Amino acid sequence: MNYSLDTTAPVTAALQAGQAFRPRAAACADDALARVLAGSRHLLFDGGMGTMLQAAGLAAGELPELLNLSDPDAITAIHAAYVAAGSEVVTTNTFGANALKLKGAASVEEIFSAGVRCARASGARYVAADIGPLGTLMRPMGTLSFDEAYRLFAQQVRAAVDAGADLFVIETMTDLAEIRAAVLAARENSELPIFATMTFEEDGRTFLGTSPEAAAITLDALGADVVGINCSLGPAELRPLARRMLAVTDKPVMVQANAGLPRTEGGRTVYDIDPGAYAAAVADMVDDGVAVIGGCCGTTPDYIGLLAGLIADRVPAPRAVERALTVTSAQSVVTLPRSSRRIAVIGERINPTGKKRLQQALRDGNVDYVVGQGISQQEQGADILDVNVGLPDIDEVETLPRICEQLSASTLLPLQIDSTDPRAIEAAVRRYAGKPIINSVNGTRESLDAVLPIAAHYGANIIGLTLDEAGIPATAEQRAAIAERIVDEAARYGIGRERILIDCLVMTASTNQAQALEILRAVTLVRERLGVACTLGVSNISFGLPAREVLNATFLSAAFGAGLDAPIMNPGSERYMDAVRAFRVLNAEDEGSTAYIDHFAGWTDPYKAGASSASGAAAPRPTVDTESGDAIRRLILTGRKGEMAAATEKLLETTDALELINRRFIPALDEVGVLFEQGTYFLPQLMASAEAARVGFDTIRAHMGSGAIADKGAICLATVKGDIHDIGKNIVKMLLDNYGFTVFDLGRDVDPNEIVKTVKERRIRLVGLSALMTTTVKNMEETIRLLRAEVPDIKVLVGGAVLTPEYAARIGADYYAKDAAETARIAEEVLGGRRS
Amino acid sequence: MAGTNRTDAARTQKASDLSLLAGPVLYRPDAAEELRIDRTEMLRYLGHAGQKVDGELSERIEGIAREVEQTVDPHGVIQAFPVDATGVDEVGMPCIRLTGTTIELRGRDIFRHLKDASACAVVACTLGMGTERRLRLLSGQRPLDAALYDAAASAYVECAVDAMEHIVRREAAAAGRTCTWRFSCGYGDCPLAAQDAIVASLNAGRLIGLTTTPTHLLLPSKSVTALIGIIDGKDAAERNGERPSCAICRLRGNCAFRAHGTTCYA
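Here the protein sequences line up with chains A and B, keeping their order. Start counting the first sequence at 0; every next residue gets the next number (numbering that gives the first Met the number 0). Start counting the second sequence at 0; every next residue gets the next number (numbering that gives the first Met the number 0).
Misleading hints may appear alongside valid ones.
[What the hints assert, rightly or not] DMTMM-like mimics (lysine to aspartate or glutamate), calculated; alpha carbons at most 25 Å apart, straight line:
#1 K102(A) with D53(B)
#2 K640(A) with D53(B)
#3 K817(A) with E670(A)
#4 K354(A) with E404(A)
#5 K51(B) with D30(A)
#6 K777(A) with E103(B)
#7 K640(A) with E55(B)
No wet-lab data here; the hints were simulated from the structure. Please read all numbers here as calculations on a predicted model, not as lab measurements.
My request is simple: use the sequences and hints to build the entire structure.
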């Protein structure tokens with residue numbers, strides 16, 4: 000397929016343009032390299048380049064890649080020394096040769112062209128084009144987008160291909176999102192073999208928290224030909240990490256360790272492992288099954304020379320990798336081995352169907368609320384989060400990847416990407432830092448043709464629904480037949496059974512009573528006949544019946560018995576989770592029943608008389624007289640959120656909501672504002688009061704509906720482009736929320752155009768901008784200039800540590816607010832609140 | 000200028016006298032050290048100026064401070080380089096270069112700070128990406144806890160850098176030399192842009208997971224880089240006792256700390 004660099008969903012775009020899907024096959028320089036990829040031949044790389052260059056006097060922080068142009072002979076000499084020592088592959092001196100790091104000092108193409116030439120001149124059997132990290136952190140934690148990273152890597156890939164490299168080595172990566180972007184760029188812009196390695200610290204994780212298993216599984220799925228580990232530690236320390244990779248991937252595993260740890264001796268950096276000890280430790284890894292070896296920092300031709308003998312006349316040790324369905328995020332792995340009966344809970348709460356508040360949050364761009372749904376499900380015990388943002392007025396192609404990215408910042412769990420729109424699925428799967436599940440494909444030709452290529456291209460798992468052009472069939476056999484068609488079709492795309500979950504589709508017992516047991520029979524049939532995992536949307540069973548949780552929990556238990564692997568359910572229901580915890584004892588997943596015993600220690604059976612009052616969290620003992628109308632004021636003033644809900648409920652029995660807000664809440668908040676202004680309160684006290692008030696407002700909303708609280712108008716908040724400080728902005732948001740303003744919070748590092756777009760779409764009259772650094776105030780000025788040009792009547796309020804009233808006026812702001820309390824006052828003035 | 004008449008060779012020799020710091024020294028607090036957040040400092044970051052804090056809030060503050068102390072693992076790297084104060088920058092102004100690196104430090108304030116120094120210990124420390132993730136989670140869900148965590152983390156990274164500074168002072172003292180106070184990019188008129196070269200020269204991306212944004216901010220955000228001048232005996236006496244001051248700070252006119260009669264440094 001031909002992929003456009005600027006397409007949100009290139010596979011879908013190519014299919015729609017009439018191109019046929021073609022699975023990738025790496026183009027190997029010769030048969031020996033092909034055998035390496037097939038796992039039947041060892042391969043010896045080279046050792047450290049930076050080490051050699053620094054020994055030759057390279058300044059710290061200097062770009063070593065420029066030497067390809069200024070001193071090619073010196074670079075070739077280093078490569079040649081490795082070739083003489085026995086390296087079959089030399090790695091080009093292009094580690095940092097990306098447009099971000101080069102900053103125009105030379106072009107990416109020049110550096111790769113010269114780098115490959117230097118390497119080739121050494122007489123090496125293979126030249127590996129080296130690609131290292133971009134040096135800037137990607138979103139969501141950093142500022143670089145997936146698409147920007149992809150473009151930077153694609154430029155390197157094309158330059159390397161043009162220069163005539165034989166393969167890629169993508170290495171020293173710590174961010175799974177970044178290495179995914181690099182591997183995809185290599186796959187989509189060349190046919191060369193891809194060797195991909197990440198760097199782990201002593202705690203067995205990368206700096207960004209990825210484990211060897213998550214790395215190996217995700218990179219294998221995405222199409223790296225060899226996966227592995229390099230840098231940071233010596234070979235003995237890396238051995239257990241390499242073993243963890245060997246256990247979860249069939250792909251050849253590569254290790255390039257450091258020569259131990261660096262220390263300073265007489266003003267020079269030396270490494271603490273000598274060539275002999277290094278080779279001995281590498282030999283152990285070769286015995287374990289590591290196929291591709293070499294060295295990283297501190298290793299020299301002396302080290303590499305001793306490695307050649309380790310792999311002469313032998314082939315990589317065969318190994319048995321357990322068949323399993325694996326789902327990953329950058330931070331965690333869920334494994335469902337085919338040989339045992341583990342179960343995984345897929346949390347269903349991020350789906351707007353029938354959830355008014357989530358619908359509103361998605362429409363308002365209230366990402367925090369959506370992410371909050373993910374965090375609470377994680378805390379409740381979900382293993383995987385389903386993410387569905389499908390609403391008629393939501394652009395799923397734009398929203399689904401954005402929500403997935405934000406969820407990855409605050410939750411650890413792998414995601415299940417849920418949409419009926421293949422473009423939205425691809426947009427999210429492409430940018431997702433892990434190996435997700437796609438929910439879903441079904442047995443119709445249209446669905447199979449649109450969704451399976453996406454799952455194949457990105458190495459995702461997939462849920463297959465047992466329905467086709469004729470609808471949902473009635474019998475278990477017919478459902479199993481559709482499942483089989485899906486499995487066969489997936490196989491044609493190279494999607495193995497371990498990547499498939501079949502959903503036999505739960506029908507409602509109230510209308511299809513005879514179906515309930517038939518569905519369970521279908522689960523058993525599918526598992527036994529096809530050897531794939533099964534999922535079910537459990538709660539559908541109880542539509543239209545009372546006590547739905549009772550029916551759902553019973554059906555869930557029965558489905559576990561029938562072979563269900565991964566229920567899609569609400570983990571917020573203790574009743575369902577009790578069934579999950581109990582079944583994990585029965586299937587021996589909860590070894591020694593320890594989790595079960597821990598959880599139910601001190602448990603009170605809700606069926607036993609008198610137990611109901613004891614279950615759940617005890618209500619806090621009131622510290623103020625909640626009967627008194629003054630209770631609200633005192634709770635807000637002292638920031639006691641624990642008692643706020645009860646006190647608000649009490650007053651709602653006798654008081655109108657609006658009166659409660661205007662006569663109790665707002666005056667108390669005002670009073671807090673004054674105390675803060677006078678310096679009687681400091682920031683945490685102001686915020687504790689705001690928190691308590693927030694609980695009260697939520698209680699009123701829950702009782703009266705959201706209409707109970709008058710909307711005072713909308714404000715758009717953002718930390719400007721280039722700035723990542725958002726604590727102050729978040730405090731402002733909290734206060735504005737309480738005063739009844741609708742806040743559209745665009746987050747941090749926000750492009751001016753995005754602010755303008757939001758202002759126009761939402762017809763916003765007031766924008767609050769925050770900048771903490773002198774260097775980012777110029778972006779604030781730029782944002783204001785753009786806003787003025789595009790929305791002439793807009794009012795702009797600014798704040799942040801480096802600003803002063805004079806400075807604010809100079810960059811064209813209408814208002815300067817020195818703190819959050821002042822922002823609320825200005826908002827009321829501008830938007831015609833009470834005190835305007 | 001005291002520093003300009005020495006030769007580069009002499010300076011290189013001086014830097015290598017600090018043999019421990021001549022190569023990258025990794026810093027991790029050891030168990031015995033038990034870094035402890037200075038509660039007063041943490042409160043000062045939150046704008047505290049003597050307000051009475053009641054039991055519930057002070058428990059929350061304490062809880063967050065403990066969480067940071069118990070779960071966060073600072074990573075640091077130190078390396079000393081010879082100072083060259085003889086050069087000029089692009090626009091012809093005197094500037095400081097650290098020999099053997101790409102670090103060029105512009106502005107009067109850093110020039111004054113390092114001109115008498117024979118070497119400069121460059122320090123970088125980060126609380127890591129776990130802290131950054133925790134901060135992001137709290138910001139979206141529990142803003143008060145986020146503000147407390149932010150202050151606790153800032154105080155914690157300061158205390159880790161204090162410990163690193165202590166190592167530099169110990170090494171300098173062992174070599175019979177003394178140190179200036181700790182200067183960071185962004186102080187006075189020293190541009191933030193030098194962060195990129197500092198991070199690159201220390202290889203801090205690889206060694207401790209520190210990166211810079213295109214606007215030269217450090218990520219993870221709870222990170223610090225600092226420059227400590229190492230001065231020989233004669234100059235040391237003159238410079239001894241110098242402390243950071245508000246005089247070079249461009250925020251001094253509008254500073255919340257000063258308004259409350261305190262400073263942002265201890």
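Could you tell me which of the hints above the structure violates, numbers in ascending order?
-> 1, 5
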